[in-house]
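Undergrad: Here is what each chain is made of, one letter per residue.
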Amino acid sequence: MSMTLVQVVVSGLLLGAIYALFSSGLTLIWGMMNVVNFAHGDFVMLGMYTAVVVWTALGGGPWASVPIAAIAIASLGIASYFLLVRHIMRGPMLAQILGTFGLALFLRYSAFNVFGANFRTLPDTLVGHSFVLGGIRFEGARVLAGAVGLIVTLALHFMLTRTAIGSRMLAVSEDATAAQLMGIRPQRMQALAWGLAGAATGIAGALIATFFYTSPTVGETLAIVAFVTVSFGGFGSVLGALVAGLIIGVVESVSAFEIGPVYKDVVVYVLFVLVLWFRPQGLMGKT
Amino acid sequence: MTGRRILHLLLIAVVLVYPLIAADSPVYGRLGALVLLGAISASAWNIVGGYAGQVSIGHAVFFGIGAYASVTSFVHLDLPPIAGAPIGMLLSVLVAAAIGVPTLRLSGHYFSMATIAVGELVRVLSSTSDFLGGAQGLGGPAMPRTMFDLSFVSATPYYYIFLAVLVALLGLTHWIERSRMGFYLRAIKDSERAARSLGVSSGRYKLYAFMLSAAFTSLAGSLYLCMFGFIDPESGFGILISVKMVVMAALGGAGQLFGPLVGALILVPLEELSNSYLGGQGAGLTFVVYGAIIVIIARFLPSGLLSLLERRKVVRRAD
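Line by line, the protein sequences are chains A and B. Reading the first sequence from the start, the letters are residues 1 to 287 in the numbering used here. Reading the second sequence from the start, the letters are residues 1001 to 1319 in the numbering used here.
Hint data in this document are derived by calculation from the structure and do not stem from the laboratory. These numbers were taken from a predicted model, which means no experiment stands behind them. Honestly, I wouldn't trust all of these hints.
To be verified - If the Cβ cut is set under 7 Å, some of the chain B residues that face chain A in the computed set are:
#: 1; residue: Leu1106
#: 2; residue: His1109
#: 3; residue: Met1113
#: 4; residue: Glu1120
#: 5; residue: Leu1121
#: 6; residue: Pro1141
#: 7; residue: Ala1142
#: 8; residue: Phe1230
#: 9; residue: Ala1250
#: 10; residue: Leu1285
#: 11; residue: Val1295
#: 12; residue: Arg1299
#: 13; residue: Pro1302
Stated by the list, open to error - Taking lysine to any residue and the SDA-like style, the derived pairs with C-alpha atoms no more than 20 Å apart in a straight line are:
#: 14; chain 1: B; residue 1: Lys1189; chain 2: A; residue 2: Met93
#: 15; chain 1: B; residue 1: Lys1189; chain 2: B; residue 2: His1109
#: 16; chain 1: B; residue 1: Lys1189; chain 2: B; residue 2: Ser1154
#: 17; chain 1: B; residue 1: Lys1189; chain 2: A; residue 2: Gly91
#: 18; chain 1: B; residue 1: Lys1189; chain 2: A; residue 2: Arg90
#: 19; chain 1: B; residue 1: Lys1189; chain 2: A; residue 2: Asn34
#: 20; chain 1: B; residue 1: Lys1189; chain 2: A; residue 2: Pro92
#: 21; chain 1: B; residue 1: Lys1189; chain 2: B; residue 2: Leu1257
#: 22; chain 1: B; residue 1: Lys1189; chain 2: A; residue 2: Met89
Claimed, not checked - If you want the footprint, here are the derived chain A segments under chain B, 3+ residues with CB under 8 Å:
#: 23; region: 104 to 112
#: 24; region: 222 to 232
#: 25; region: 265 to 271
C-beta: ideal position from N, C-alpha, C; glycine also.
The shape of chain B in the complex, shown without the other chains:
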């Protein structure tokens, strides 16, 4: 037991000092922040996709709303981008309700396909909107005016901001996991009909999960904008943004607290490091490997990497 405690403390220490070690390298410095950002959006997706089992492939809608809420706050209202974050979150919750009420009635694949369609619809519409900068997209502040613009040269401040958000999100998820709602969501995931027959108002709880998940996905979008300072329809609402959240969560273990973080820890470095070391030339080859790794994990660990630990626990208990 003490051994595990030491391991946990060691992990926390590594997480806390990582940027100080990696600060010198532009690649690794950014990498830490990017992993955390990926983990935030995948963990947000996990609430509805993992715990409630409603596989949304349209979460880029909320990511994009967050990013665009931030950039338009700057472009049209002259506010710091982060001021758009609460607006984006509120808007995302409303949009989630509007999308969720009709689509959450659909089951399984139909829900996934409907969310793909909604995502594409929003992407096409955003590229026709002058307010959102059309297909070219919009940029944040070129030069930081005040500290509130959250525009830093170093990736270290982003790292700690993202870490704080991730810890808060995982804390909330953990609390939900153990609350009545957590049990309801798992029951709905296992068998919606059974859950309903036991008096769980499944529609309402699925919608709550969807709305909560949307709010945090939107926050991830706002944070993305603060760090990258630019958004266009493809990087905000593109289907790849949605799919990446699903893949990260599924790779680590959907419906588990740390699943999305584990997925992000693997996928984000794989993508980033290969892009920066191999450049455009090798990018194709990297994604071949990236795809192959995903296929192999899906083939041998269909419930995600964390299921390895579960298996070991079961073995240990059996001993």
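In isolation and in its complexed conformation, chain A is listed as follows:
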């Protein structure tokens, strides 16, 4: 393998870890209450604007913006749950699409009103310069985002599978009534899921903003990536989202390098449709 190809794969893995991070919130909610959040991309967008605001108003880098974005978007998630999602999750799937898409428009154009349509970027030097290690060039911001993405996604996975609170959340997702009989409050667990998903999404947004342009409509592009990652990995599986995110990241950057940048999405979508054809439940989803 040539050195250039190694470079391409490494940047693909870093990108994939970020995809995994901002998809993990979506898969958590999807798996736990079978709700599609069409506003997910706009949650990421608001996380990105949080980083922009923290930088322009306070001059703070990711060390300040990541925790602030986590708290802000977690609150947004919990508020969305109590005000909207709680009421539409019992309705038909179309009501969920309608409600969360309405929420998406509301958030997107609120951001448009407040921040304007212009693209914002954070200074390149905010995280640190790029460096060369073993002949491979690393960009500081992407390395930070990829590493945090990997850590947070794994932490979320272990929290769900190895802790008592995680078991309670899974119990609610399996059978809310039975969980209630066992003394678990379903609404509290579901609100917690929205909070956790929001926090992960906020962290992802704040990190993406350090190397990607921020605009009110950026969420639309990101949402499609998240939808593909989540269905690819299997609904509800955070580990699945991680694996799928990494695969998509690598496939994207390798095909951009080998075939051409325009075709990178084509390859990903074709791969996705093929995965669904052979494994309709996604890589790690349950049937």
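Got chain A; can you put chain B on it based on the hints?
TA: Leaving out everything else, chain B in the frame of chain A:
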């Protein structure tokens, strides 16, 4: 009973004379035609998304095929754009079969996500195709050459053309609703497993519904091109085109004959009027309101606006 009959006649009269009243205003004149066009595409979506319960979020594929079939008939074959409509419909039915066979096996959200992916795939591919004009898109005839170009300055002719298509589509949907296929589709929507165990070949009927829905969505795309005279990958295959069909149908009431029309009657004016009155400046604020209205309807009327009438009927029967 007579009161309702008078109300119906009055409604029909308003629909028929609307363009004559609104013809003077460029905004309202166009608005009527746009509502009908929105209603056509959402009603076409309704066949598979509403009645059969297969929530496709990739219907822009067929809308775009219709629009591009029309524009390429003009650009490459020098035909009037509307001549591309039957070609687009045929192509859409074939594409629907090709997409439907693998994806309709998927259930619920997986089907929706697969259709999103297919839609995006087609959008990206179309922007790389020189035949389709790439990312810039293609334009129809700049000046009408014959009447068949369906290129009018006034929106009134479009209004009546779209009205005729909508009436035909709703007539067909109504017929399907009461046919054997209608019962099969509702059974599949309620419980596919139960329907299958009763001998309904669910795969086949879902595919029929998908193909029929695709044909009419494609026709809506061709009509769009005739009126607007221009198409590019975003306005043809963009995900927003797909989502709007879903939202219109769901807002009015999916799986009901007049649901998509009601949804279009609310959403299209909301979008158009605010764009023309507030201009670019206020566009953001409008969509904030637009989003909030959708959220409120989803929150309080999860089965769409028409469920209000249903509720009243039930109450009346109970009395």
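Undergrad: Is the interface hint for proline 1141 of chain B satisfied, with its Cβ closer than 7 Å to some Cβ of chain A?
TA: Since the shortest Cβ distance to chain A is 30 Å, the answer is violated.
Undergrad: Count the residues of the region 265 to 271 of chain A whose Cβ falls closer than 8 Å to any Cβ of chain B, and tell me whether that reaches three.
TA: Coverage by chain B holds here, the residue count being 4 at a Cβ distance below 8 Å.
Undergrad: Going by Cβ atoms only, is alanine 1250 of chain B closer than 7 Å to chain A?
TA: At about 4 Å, which falls below the 7 Å cut-off, the nearest Cβ of chain A leaves the hint on alanine 1250 of chain B intact, so it holds.
Undergrad: So, arginine 1299 of chain B near chain A? Judge it on the closest CB pair being under 7 Å.
TA: It holds, given that the least Cβ distance between arginine 1299 of chain B and chain A is near 5 Å, below 7 Å.
Undergrad: With chain A as the partner, please determine if methionine 1113 of chain B meets the hint condition of a C-beta pair closer than 7 Å.
TA: With Cβ-Cβ at 4 Å, under 7 Å, it holds.
Undergrad: Tell me if the interface restraint on proline 1302 of chain B is satisfied: Cβ within less than 7 Å of some Cβ in chain A.
TA: holds (3 Å)
Undergrad: Going straight from one Cα to the other, do lysine 1189 of chain B and arginine 90 of chain A come out at no more than 20 Å?
TA: holds (16 Å)
Undergrad: Was the hint right that glutamate 1120 of chain B lines chain A, CB cutoff 7 Å?
TA: holds (6 Å)
Undergrad: Between lysine 1189 of chain B and asparagine 34 of chain A, is the straight-line Cα distance small enough, at 20 Å or below?
TA: holds (17 Å)
Undergrad: Using Cβ atoms only, decide whether leucine 1106 of chain B comes closer than 7 Å to chain A, and label the hint accordingly.
TA: Because about 5 Å separates leucine 1106 of chain B from the closest Cβ in chain A, which is inside the 7 Å limit, the hint holds.
Undergrad: Under 8 Å between beta-carbons, do enough residues of the region 104 to 112 of chain A, three at least, approach chain B for the coverage claim to hold?
TA: holds (count 8)
Undergrad: Under the criterion that the straight-line Cα-Cα distance not exceed 20 Å, is the pair lysine 1189 of chain B, methionine 89 of chain A satisfied?
TA: holds (18 Å)
In the structure shown, a violation is registered for the earlier hints numbered 6, 7, 8 and 16, in ascending order.
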